[in-house]
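When you get a sec, could you build the whole thing from the sequences and use the hints?
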Amino acid sequence: MDKVIENGQLVQDKYTFVADKETLDPKYIDDANAILPWGLYQGIKDQRPAIGNAVWLDSDELPDAIKDDLSSFSLIAINFPAFTDGRGYSFAYRLRHTFGYKGKIRAVGDVLIDQLSAFKRVGFDSFALRDDQDSDEALKHFSDFKDPYQASIEPAEPLFRKL
Amino acid sequence: MYIYNNYDQQIVDERVVQYRDQLGRYMDGKLSDAEFLPLRLQNGLYIQRLAPMLRVAIPYGLFSSEQLRTLAKISRDYDKGYAHFSTRQNVQFNWPALEDTPDILAELAKVQMHAIQTSGNCIRNTTTDQFAGVAADEYIDPRPYCELIRQWSTFHPEFAFLPRKFKIAVCGSEKDRAATYMHDIGVEIVKNDKGEVGYKVIVGGGLGRTPVIGSVITEFLPEEDLLTYLDAILRVYNQLGRRDNKYKARIKILVRSMGIEAFREQVDEHFAGLKGTEATLTSKELERVKSCFTMPDYPSLDDNDAELTLKAEVGKDAAFARWVKTNTHPHKVAGFASVTISLKKQGTAPGDIYDDQMDTLADLADQYSFGEIRASHQQNLILADVKKTELYALYQALKAIGLDSANAGTLTDMICCPGGDFCALANAKSIPVADAIMEKFDDLDYLHDLGEIELNISGCMNACGHHHIGNIGILGVDKKGKEFFQVSLGGSQEKAGSLAKILGPAFAAEEIPNVIEKILQVFVANRQPDEKFLETYRRIGIDPFKETVYG
Ligand code: HEM
Ligand code: SF4
Numbered sequence: 001m002d003k004v005i006e007n008g009q010l011v012q013d014k015y016t017f018v019a020d021k022e023t024l025d026p027k028y029i030d031d032a033n034a035i036l037p038w039g040l041y042q043g044i045k046d047q048r049p050a051i052g053n054a055v056w057l058d059s060d061e062l063p064d065a066i067k068d069d070l071s072s073f074s075l076i077a078i079n080f081p082a083f084t085d086g087r088g089y090s091f092a093y094r095l096r097h098t099f100g101y102k103g104k105i106r107a108v109g110d111v112l113i114d115q116l117s118a119f120k121r122v123g124f125d126s127f128a129l130r131d132d133q134d135s136d137e138a139l140k141h142f143s144d145f146k147d148p149y150q151a152s153i154e155p156a157e158p159l160f161r162k163l
Numbered sequence: 164m165y166i167y168n169n170y171d172q173q174i175v176d177e178r179v180v181q182y183r184d185q186l187g188r189y190m191d192g193k194l195s196d197a198e199f200l201p202l203r204l205q206n207g208l209y210i211q212r213l214a215p216m217l218r219v220a221i222p223y224g225l226f227s228s229e230q231l232r233t234l235a236k237i238s239r240d241y242d243k244g245y246a247h248f249s250t251r252q253n254v255q256f257n258w259p260a261l262e263d264t265p266d267i268l269a270e271l272a273k274v275q276m277h278a279i280q281t282s283g284n285c286i287r288n289t290t291t292d293q294f295a296g297v298a299a300d301e302y303i304d305p306r307p308y309c310e311l312i313r314q315w316s317t318f319h320p321e322f323a324f325l326p327r328k329f330k331i332a333v334c335g336s337e338k339d340r341a342a343t344y345m346h347d348i349g350v351e352i353v354k355n356d357k358g359e360v361g362y363k364v365i366v367g368g369g370l371g372r373t374p375v376i377g378s379v380i381t382e383f384l385p386e387e388d389l390l391t392y393l394d395a396i397l398r399v400y401n402q403l404g405r406r407d408n409k410y411k412a413r414i415k416i417l418v419r420s421m422g423i424e425a426f427r428e429q430v431d432e433h434f435a436g437l438k439g440t441e442a443t444l445t446s447k448e449l450e451r452v453k454s455c456f457t458m459p460d461y462p463s464l465d466d467n468d469a470e471l472t473l474k475a476e477v478g479k480d481a482a483f484a485r486w487v488k489t490n491t492h493p494h495k496v497a498g499f500a501s502v503t504i505s506l507k508k509q510g511t512a513p514g515d516i517y518d519d520q521m522d523t524l525a526d527l528a529d530q531y532s533f534g535e536i537r538a539s540h541q542q543n544l545i546l547a548d549v550k551k552t553e554l555y556a557l558y559q560a561l562k563a564i565g566l567d568s569a570n571a572g573t574l575t576d577m578i579c580c581p582g583g584d585f586c587a588l589a590n591a592k593s594i595p596v597a598d599a600i601m602e603k604f605d606d607l608d609y610l611h612d613l614g615e616i617e618l619n620i621s622g623c624m625n626a627c628g629h630h631h632i633g634n635i636g637i638l639g640v641d642k643k644g645k646e647f648f649q650v651s652l653g654g655s656q657e658k659a660g661s662l663a664k665i666l667g668p669a670f671a672a673e674e675i676p677n678v679i680e681k682i683l684q685v686f687v688a689n690r691q692p693d694e695k696f697l698e699t700y701r702r703i704g705i706d707p708f709k710e711t712v713y714g
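Top line first, the protein sequences correspond to chains A and B.
Just so we're aligned: 74 in the working numbering is position 74 of the first sequence, and the numbers increase by one with no gaps anywhere.
If you count the second sequence from 1, you need to add 163 to reach the working numbering.
If you're looking for bench data, these hints aren't it; they were derived computationally from the structure.
None of the values given here were measured: they were computed from a predicted structure.
Every residue, glycine too, gets a C-beta built ideally from N, C-alpha and C.
There's no promise every hint is true.
Chain A stretches covered by chain B per the calculated footprint, using a threshold of three residues with CB under 8 Å from any CB of chain B [what the hints assert, rightly or not]:
#1 79 to 88
#2 92 to 104
#3 141 to 147
Only pairs whose alpha carbons sit at most 20 Å apart, straight line, appear in this in silico PhoX-like list of lysine-lysine [as the list claims (entries may be wrong)]:
#4 B:K592 with B:K479
#5 B:K193 with A:K140
#6 B:K508 with B:K664
#7 A:K162 with B:K447
#8 B:K592 with B:K603
#9 B:K695 with B:K664
#10 A:K67 with A:K102
#11 B:K438 with B:K363
#12 A:K162 with B:K453
#13 B:K495 with B:K453
#14 B:K681 with B:K695
#15 B:K495 with A:K146
Just a sample of chain A residues kept apart from chain B, beta carbon distances all over 12 Å, derived [unchecked claim]:
#16 T16
#17 A19
#18 T23
#19 Y28
#20 D30
#21 D31
#22 Q42
#23 G43
#24 I44
#25 P49
#26 I51
#27 L62
#28 D69
Here it is as structure tokens:
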């Protein structure tokens with residue numbers, strides 16, 4: 001099991017990330033702790049429990065696709081194929097703001113420490129750093145900016161409402 | 164002007180700390196080149212042909228004498244004693260050492276300046292009219308809205324890694340001096356029939372390889388909805404903009420491929436979820452920011468007296484008379500004028516200025532113009548509030564430091580990108596061409612007689628020199644490894660603008676001054692009294708120019 005960052009700490013992760021989007025290894029069909037590609041999960045939805053599932057979206061899979069299934073998930077991972085591909089920031093924001101999703105949102109893929117504070121602000125609360133990243137260093141980077149200007153998920157109020 | 168509060172200051176200070184740490188990790192090999200690249204770009208640091216280039220933001224072009232002195236000091240201490248004003252109301256240093264950049268940023272932060280988001284695929288420095296707040300044709304001062312956009316876009320957590328860079332321009336006057344139709348988003352501040360302030364929003368304009376004039380997405384957006392509406396547009400673009408091909412990644416391509424109706428529908432859907440939420444501007448915040456842009460304490464002057472004094476001085480000094488004609492502009496307030504300090508002089512690259520000139524200019528701004536300076540997208544500097552009776556003294560002081568070029572708005576007030584002398588992407592060297600044109604057309608009476616002409620030069624199709632919207636555009640092209648220049652005519656940056664048309668086959672660099680001369684001959688032979696170059700061109704079309712140039 002790998003470690004992830006949650007609640008400002010490095011913790012053991014119970015999940016297994018299933019990277020293959022094409023074919024599903026049958027052993028994952030009843031694995032409650034498998035993070036399944038959304039496309040494959042759809043095909044086996046009927047065989048899965050009604051709640052507590054985990055799926056992942058790639059950066060070209062808009063969250064609109066899963067909006068009717070959100071109550072089935074306790075974790076949604078969003079993949080960053082490259083850290084310069086910023087679509088996932090808007091996906092996380094919309095899952096929280098537009099669709100009201102309350103479960104975990106995890107950043108996976110090319111997840112680097114310099115992006116953590118922005119991730120947190122748009123609604124991510126679970127972070128699977130890229131393997132080579134220094135996780136102790138990472139913990140220092142969640143609040144590079146103490147009082148940011150904009151409204152997002154955190155904080156929901158823009159700075160000007162505090163003035 | 165806007166003065167930072169503790170929060171504003173904290174954010175730029177935090178950025179200096181963050182950047183210093185990032186550079187340190189890069190130097191220690193903990194950050195790869197590829198990973199450091201977007202981090203340094205978001206801080207305005209390019210690596211160009213010979214050295215790094217640091218681009219510092221002058222938000223919406225407005226800065227103080229104290230800030231100008233800091234720029235002078237930085238160019239002296241960390242660079243080669245000069246700075247370059249760009250077409251986007253930024254200033255660039257061409258020779259800083261990489262390891263000095265955190266210290267430069269710290270110096271800037273001390274005077275409320277920064278290099279945040281001056282490059283990279285993020286929301287860039289917002290630009291506006293260089294005469295904002297003083298122009299005689301202004302409906303509403305755009306600067307408070309620019310500042311609101313600056314704050315909203317600074318480290319916006321969702322939009323730091325867009326498909327491509329994103330530029331916003333704002334205007335609030337009859338004449339569009341901000342090229343709002345040529346930006347990713349253009350915001351025109353308007354009033355509706357009820358007299359309420361709001362915005363006409365234009366989306367999907369841009370230059371570069373595929374020049375496009377923007378489309379109107381909404382005719383009237385209420386004042387308090389500015390930031391949430393921008394959020395909605397950016398959110399659509401961030402999710403749907405192409406990321407597979409950097410030449411198709413600008414919002415103009417998305418808007419064009421979806422069609423403006425479908426794009427608007429998407430934006431409206433996102434906006435519906437935001438309208439009225441806590442992210443909406445409050446009247447208190449609008450008032451707070453507007454109150455930073457109050458009119459200076461103008462003494463009440465008699466315009467007739469001022470004009471008489473000026474007339475007498477103009478009568479005595481022909482060079483001053485020429486300068487007044489081109490380099491001063493009407494002002495809202497009686498007895499005042501705005502002054503353009505042209506940074507276009509033969510022997511100096513367009514937009515360049517030396518450290519000692521900057522220092523003197525800062526003093527002149529204090530003495531004659533309430534301590535404020537503006538940078539224009541024509542790569543000139545402006546003193547916006549000068550008493551007409553003090554124009555002559557100011558002119559003489561400018562002359563003493565070689566900043567008296569009387570060519571604002573004329574042919575030699577060219578926009579020109581750094582080109583092959585500095586830029587790794589260039590096809591051709593644009594600065595020598597600008598210099599050759601400057602040398603050939605040095606007769607000021609002739610230039611004044613020609614009237615307003617915009618001549619824009621880019622060293623490649625990335626169009627940093629805005630050649631598509633020059634009345635005369637010059638573009639560096641590569642033909643079998645040799646530098647050539649393509650000439651186009653009829654571009655314009657005015658409202659709903661127009662894109663220039665290519666005249667014909669490209670020329671060698673040394674032919675360009677003669678080609679320009681022939682184009683001007685056609686204009687002079689065909690112009691009607693008081694007609695500007697663009698008007699004549701629109702009336703007679705491109706053919707007479709073709710015949711003379713290639714005939
Ligand atoms: C020397 C370093 C520079 C490099 C490497 C560079 C690179 C580029 C590139 C690649 C583009 C095209 C982007 C696109 O179409 O998406 C571009 C556009 C642009 N650049 Fe530069 N540039 C440089 C300097 C400058 C300078 C000095 C100015 C101002 C004088 C400038 C102003 C602009 C403007 C206004 C555009 C606008 C085109 C648009 O956004 O529609 N650039 N630049
Ligand atoms: S237009 Fe081309 S040559 Fe000129 S600065 Fe831009 S990228 Fe460089």
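So, going through the hints one by one against the coordinates:
1. 79 to 88: Holds: 5 residues of the segment 79 to 88 of chain A have a Cβ under 8 Å from chain B.
2. 92 to 104: Check passed, 4 qualifying residues.
3. 141 to 147: holds (count 4)
4. B:K592 with B:K479: Violated: K592 (chain B) and K479 (chain B) sit about 41 Å apart, past 20 Å.
5. B:K193 with A:K140: holds (16 Å)
6. B:K508 with B:K664: violated (28 Å)
7. A:K162 with B:K447: holds (11 Å)
8. B:K592 with B:K603: Holds: K592 (chain B) and K603 (chain B) sit about 18 Å apart, inside 20 Å.
9. B:K695 with B:K664: Distance ~18 Å between K695 (chain B) and K664 (chain B) Cα, so the pair holds.
10. A:K67 with A:K102: Holds. K67 (chain A) to K102 (chain A) sits at ~12 Å (cutoff 20 Å).
11. B:K438 with B:K363: holds (17 Å)
12. A:K162 with B:K453: holds (18 Å)
13. B:K495 with B:K453: At roughly 18 Å apart (the allowed maximum being 20 Å), K453 (chain B) and K495 (chain B) satisfy the hint.
14. B:K681 with B:K695: holds (17 Å)
15. B:K495 with A:K146: violated (42 Å)
16. T16: Since the minimum Cβ distance to chain B is about 27 Å, T16 (chain A) lies beyond 12 Å and the statement holds.
17. A19: holds (20 Å)
18. T23: Holds, since 25 Å exceeds 12 Å.
19. Y28: holds (29 Å)
20. D30: Label holds. Min Cβ-Cβ 33 Å, cutoff 12 Å.
21. D31: holds (31 Å)
22. Q42: Q42 (chain A) is indeed farther than 12 Å from all Cβ atoms of chain B, at 20 Å.
23. G43: holds (25 Å)
24. I44: About 27 Å separates I44 (chain A) from the closest Cβ of chain B, which puts it past 12 Å; holds.
25. P49: Its Cβ never comes within 12 Å of chain B, the nearest being 30 Å, so this holds.
26. I51: holds (26 Å)
27. L62: violated (6 Å)
28. D69: holds (19 Å)
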